[in-house]
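My request is simple: use the sequences and hints to build the entire structure.
Protein chains: 2
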Amino acid sequence: MVEPPPGCAAVIGCGVIGAGWAARLRLRGVPVRAFDPAPGAADAVAEVHANAAAAWAELGLEPTAVGQLTWCSSIGEAVDGADLVQESVPERLDLKHATLAAIDAAAPPGALIASSTSGFKPSVLASALGEPGRLVVAHPFNPVYLLPLVEIVGGEATTPATIDRALALYRALGMHPLHVRVEIDAFIADRLLEAMWREALWLVRDGVATTGEIDDAIRYGFGLRWAQMGLFETYRIAGGLGGMRQFIAQFGEALAWPWTKLTDVPELDDELIDRIASQSDAQSGAHGIRDLERIRDRNLAAILRALEANDWGAGRTLAGLRELSDG
Amino acid sequence: MVEPPPGCAAVIGCGVIGAGWAARLRLRGVPVRAFDPAPGAADAVAEVHANAAAAWAELGLEPTAVGQLTWCSSIGEAVDGADLVQESVPERLDLKHATLAAIDAAAPPGALIASSTSGFKPSVLASALGEPGRLVVAHPFNPVYLLPLVEIVGGEATTPATIDRALALYRALGMHPLHVRVEIDAFIADRLLEAMWREALWLVRDGVATTGEIDDAIRYGFGLRWAQMGLFETYRIAGGLGGMRQFIAQFGEALAWPWTKLTDVPELDDELIDRIASQSDAQSGAHGIRDLERIRDRNLAAILRALEANDWGAGRTLAGLRELSDG
Numbered sequence: 080m081v082e083p084p085p086g087c088a089a090v091i092g093c094g095v096i097g098a099g100w101a102a103r104l105r106l107r108g109v110p111v112r113a114f115d116p117a118p119g120a121a122d123a124v125a126e127v128h129a130n131a132a133a134a135w136a137e138l139g140l141e142p143t144a145v146g147q148l149t150w151c152s153s154i155g156e157a158v159d160g161a162d163l164v165q166e167s168v169p170e171r172l173d174l175k176h177a178t179l180a181a182i183d184a185a186a187p188p189g190a191l192i193a194s195s196t197s198g199f200k201p202s203v204l205a206s207a208l209g210e211p212g213r214l215v216v217a218h219p220f221n222p223v224y225l226l227p228l229v230e231i232v233g234g235e236a237t238t239p240a241t242i243d244r245a246l247a248l249y250r251a252l253g254m255h256p257l258h259v260r261v262e263i264d265a266f267i268a269d270r271l272l273e274a275m276w277r278e279a280l281w282l283v284r285d286g287v288a289t290t291g292e293i294d295d296a297i298r299y300g301f302g303l304r305w306a307q308m309g310l311f312e313t314y315r316i317a318g319g320l321g322g323m324r325q326f327i328a329q330f331g332e333a334l335a336w337p338w339t340k341l342t343d344v345p346e347l348d349d350e351l352i353d354r355i356a357s358q359s360d361a362q363s364g365a366h367g368i369r370d371l372e373r374i375r376d377r378n379l380a381a382i383l384r385a386l387e388a389n390d391w392g393a394g395r396t397l398a399g400l401r402e403l404s405d406g
Numbered sequence: 080m081v082e083p084p085p086g087c088a089a090v091i092g093c094g095v096i097g098a099g100w101a102a103r104l105r106l107r108g109v110p111v112r113a114f115d116p117a118p119g120a121a122d123a124v125a126e127v128h129a130n131a132a133a134a135w136a137e138l139g140l141e142p143t144a145v146g147q148l149t150w151c152s153s154i155g156e157a158v159d160g161a162d163l164v165q166e167s168v169p170e171r172l173d174l175k176h177a178t179l180a181a182i183d184a185a186a187p188p189g190a191l192i193a194s195s196t197s198g199f200k201p202s203v204l205a206s207a208l209g210e211p212g213r214l215v216v217a218h219p220f221n222p223v224y225l226l227p228l229v230e231i232v233g234g235e236a237t238t239p240a241t242i243d244r245a246l247a248l249y250r251a252l253g254m255h256p257l258h259v260r261v262e263i264d265a266f267i268a269d270r271l272l273e274a275m276w277r278e279a280l281w282l283v284r285d286g287v288a289t290t291g292e293i294d295d296a297i298r299y300g301f302g303l304r305w306a307q308m309g310l311f312e313t314y315r316i317a318g319g320l321g322g323m324r325q326f327i328a329q330f331g332e333a334l335a336w337p338w339t340k341l342t343d344v345p346e347l348d349d350e351l352i353d354r355i356a357s358q359s360d361a362q363s364g365a366h367g368i369r370d371l372e373r374i375r376d377r378n379l380a381a382i383l384r385a386l387e388a389n390d391w392g393a394g395r396t397l398a399g400l401r402e403l404s405d406g
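Same order as they appear, the protein sequences are chains G and X.
Our numbering puts the first residue of the first sequence at 80, with every later residue one more than the last.
Our numbering puts the first residue of the second sequence at 80, with every later residue one more than the last.
Calculated directly from the structure, the hints in this document are not laboratory data.
You may find that some hints are simply not true.
One copy or two, it doesn't matter: identical chains are merged, so the pair holds either way.
Claimed, not checked - The calculated SDA-like cross-link candidates involving lysine to any residue, where the alpha carbons are at most 20 Å apart (straight line), are: (1) Lys-200 to Glu-210; (2) Lys-200 to Val-287; (3) Lys-200 to Gly-86; (4) Lys-200 to Gly-286; (5) Lys-200 to Trp-281; (6) Lys-200 to Leu-172; (7) Lys-200 to Asp-285; (8) Lys-200 to Gln-329; (9) Lys-200 to Gly-399; (10) Lys-200 to Ala-361; (11) Lys-200 to Gly-146; (12) Lys-200 to Gly-155; (13) Lys-200 to Leu-174; (14) Lys-200 to Gly-318; (15) Lys-200 to Ala-123; (16) Lys-200 to Asp-173; (17) Lys-200 to Ala-125; (18) Lys-200 to Gln-147.
A quick note: this is a predicted structure, and the numbers were derived from the prediction, not measured.
Next comes the structure, spelled out in structure tokens:
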């Protein structure tokens with residue numbers, strides 16, 4: 080039984096993530112009411128939507144009707160009549176609290192309120208709401224209109240019905256909702272990303288590798304593995320016929336070796352920021368950001384179609400989205 | 080100017096990695112002389128070769144001639160006449176030293192000696208050699224016959240000519256050699272992997288997520304990004320039009336938050352190993368290891384072809400391999 084997508088959604092905060100939500104929702108036929116007081120926000124949303132529409136065309140998805148976009152001049156106006164309110168303002172707790180309080184005060188009683196936060200626990204966010212039972216974290220990944228993962232996290236006050244509703248709703252948007260059952264800061268994916276980012280900063284700071292060399296170490300090697308299997312399934316295979324136990328027997332001891340400097344956080348001082356920014360310019364500066372987005376999206380679309388042909392992983396999510404869109 | 084592949088190669092140690100080297104070399108037309116005293120090693124090499132040949136067929140690569148495989152009963156016999164000796168024995172320093180000393184004593188004067196070690200510095204390995212100038216680390220990634228990355232690391236005694244020769248030789252095998260300019264334990268990719276593995280162990284140990292949930296958090300999200308762009312290029316885009324500086328401004332502060340438990344190494348006690356192994360069985364046990372290898376390989380081949388069609392990243396390595404094979 081496939082749930083329908085929300086009848087109307089409000090997108091509060093239209094940076095990279097909010098604009099990505101607006102694009103996915105509209106391409107699934109959902110009318111979107113958007114609010115973002117930043118100058119240029121409407122232009123950025125239009126550009127992201129154009130990229131998203133091109134990517135969906137690459138996927139062979141032809142939406143029968145694109146949801147209408149309505150720009151609103153206040154949170155109260157935006158949430159009017161919304162079944163889903165998706166909050167994607169910058170990661171400052173005071174701003175999150177003020178925004179969620181305004182949403183809670185104005186949203187219809189039946190609306191699901193979802194925060195895109197990548198770090199704050201829902202119980203910490205919930206203190207701003209009079210009705211915290213309807214709040215979830217729904218943490219997506221950039222580009223939101225192509226990557227299927229969304230982490231769904233409930234707080235102490237979140238009702239089981241809210242979790243169930245969120246899971247169904249994001250599935251109806253063609254996503255892969257992952258219910259994070261234990262409430263921790265930064266959830267699952269960003270814990271993993273944070274660990275690697277920190278190690279990468281050390282490598283750059285110590286002059287071991289440039290940003291471009293680190294990226295090549297990823298995309299010519301384990302990055303290709305992880306588009307289709309994760310860390311554990313890949314290592315299960317690496318253990319040979321002995322599987323996971325044999326792999327741990329080989330690898331476990333090495334874990335205690337003093338390979339990494341992860342016991343410290345490198346200081347992001349001006350020198351390190353300059354180094355990263357200039358290496359990144361040398362690596363990627365030949366393309367503008369919008370060009371890079373289009374290159375990334377074309378690659379992601381091609382990978383998703385390849386996995387769909389093999390009936391595997393994120394390719395199944397794409398196949399599901401195709402069925403939803405046909406239905 | 081494309082260098083030819085080696086005229087003859089010796090593969091010493093034929094586990095998952097050594098068997099992968101043998102397959103890549105033979106599919107590039109190189110005769111391989113193999114040595115591994117483990118019972119069943121020859122069968123395993125034959126099975127891996129069959130998987131590799133199937134994967135190359137998926138890639139549309141039809142080797143005009145597959146290099147002959149000769150099983151040898153000693154290191155001395157295996158290295159006879161070899162231009163390249165690839166050592167892939169288990170990661171124990173005493174065993175590496177003994178093996179490399181035997182290789183060095185018997186290999187032709189002009190042979191390049193390469194270790195597949197994923198952790199030991201070449202200067203540490205070199206103490207076993209009378210002629211350490213010809214030793215490099217050439218660290219590949221599983222499956223060696225599909226993933227293009229190979230980290231090339233020289234030690235204090237390694238000559239610049241040896242590095243140049245190694246880079247040309249692995250390019251001639253259709254790989255993407257990454258010269259790791261600073262000699263550190265575990266090089267670049269495994270530093271990054273180690274950081275994430277450690278964090279993943281904490282998540283499993285603390286009951287936050289199962290191995291299957293962690294894998295889904297990777298392959299439905301950032302794993303798809305990393306098949307084509309790395310950490311830094313992806314984050315450059317995430318910064319929006321402000322690029323890398325804006326991203327760091329947003330993200331930098333969060334790095335110091337107490338999100339991770341990376342300051343400690345989790346103890347891999349029996350309870351944790353049991354938990355990982357049983358979760359991994361629940362996640363992947365429906366397929367045998369050889370089945371999983373074939374699924375992985377079919378997915379990797381499809382992803383590589385998709386990237387080749389887009390003339391990007393590892394797809395360019397595949398296009399290069401196609402040209403080499405036609406030449």
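Using 20 Å as the alpha-carbon threshold, which applies to Lys-200 and Gly-86: within, between, both, or neither? neither (28 Å within a copy, 59 Å between copies)
Could you place Lys-200 and Val-287 in one of the four classes (within, between, both, neither) given a Cα distance threshold of 20 Å? This pair counts as between: shortest inter-copy Cα distance 14 Å, intra-copy 35 Å.
As a check of your reading, is Lys-200 near Asp-285 (CA-CA no more than 20 Å) within one copy, between copies, both or neither? between (33 Å within a copy, 17 Å between copies)
Which holds for Lys-200 with Gly-399 at a C-alpha limit of 20 Å: within a copy, between copies, both or neither? Result: close neither inside a copy nor across copies, 30 Å intra and 47 Å inter.
First find the shortest C-alpha distance between Lys-200 and Glu-210 inside one copy, then the shortest across copies, and answer within, between, both or neither for a cut-off of 20 Å. Classified as within: same-chain Cα gap 16 Å, cross-chain 58 Å, threshold 20 Å.
Up to 20 Å CA-CA - Ala-361 versus Lys-200, copy category: Classified as neither: same-chain Cα gap 37 Å, cross-chain 29 Å, threshold 20 Å.
Given a CA cutoff of 20 Å, do Lys-200 and Leu-172 count as a within-copy pair, a between-copy pair, both, or neither? Within one copy only: 11 Å inside a chain, 45 Å across chains, cut-off 20 Å.
Check Lys-200 against Gly-155 for me: Cα-Cα at most 20 Å, and say if that holds within a copy, between copies, both or neither. neither (25 Å within a copy, 61 Å between copies)
With identical chains, the pair Lys-200 and Trp-281 could be close in the same copy or across copies; at 20 Å between alpha carbons, which is it: within, between, both, or neither? between (28 Å within a copy, 18 Å between copies)
I want to check one pair: Lys-200 and Ala-123. Are their C-alpha atoms no more than 20 Å apart within a copy, between two copies, both, or neither? neither (28 Å within a copy, 48 Å between copies)
Classify it for me, Lys-200 with Ala-125: is the Cα-Cα distance of at most 20 Å met within a copy, between copies, both or neither? Neither way: Lys-200 and Ala-125 sit 31 Å apart in one copy and 51 Å across, limit 20 Å.
Pop the pair Lys-200 and Leu-174 into one bin, within, between, both or neither, using alpha-carbon distances up to 20 Å. Classified as within: same-chain Cα gap 15 Å, cross-chain 48 Å, threshold 20 Å.
Checked against the numbered hints listed earlier, the structure breaks hints 3, 9, 10, 11, 12, 14, 15, 17, 18; every other hint is satisfied.
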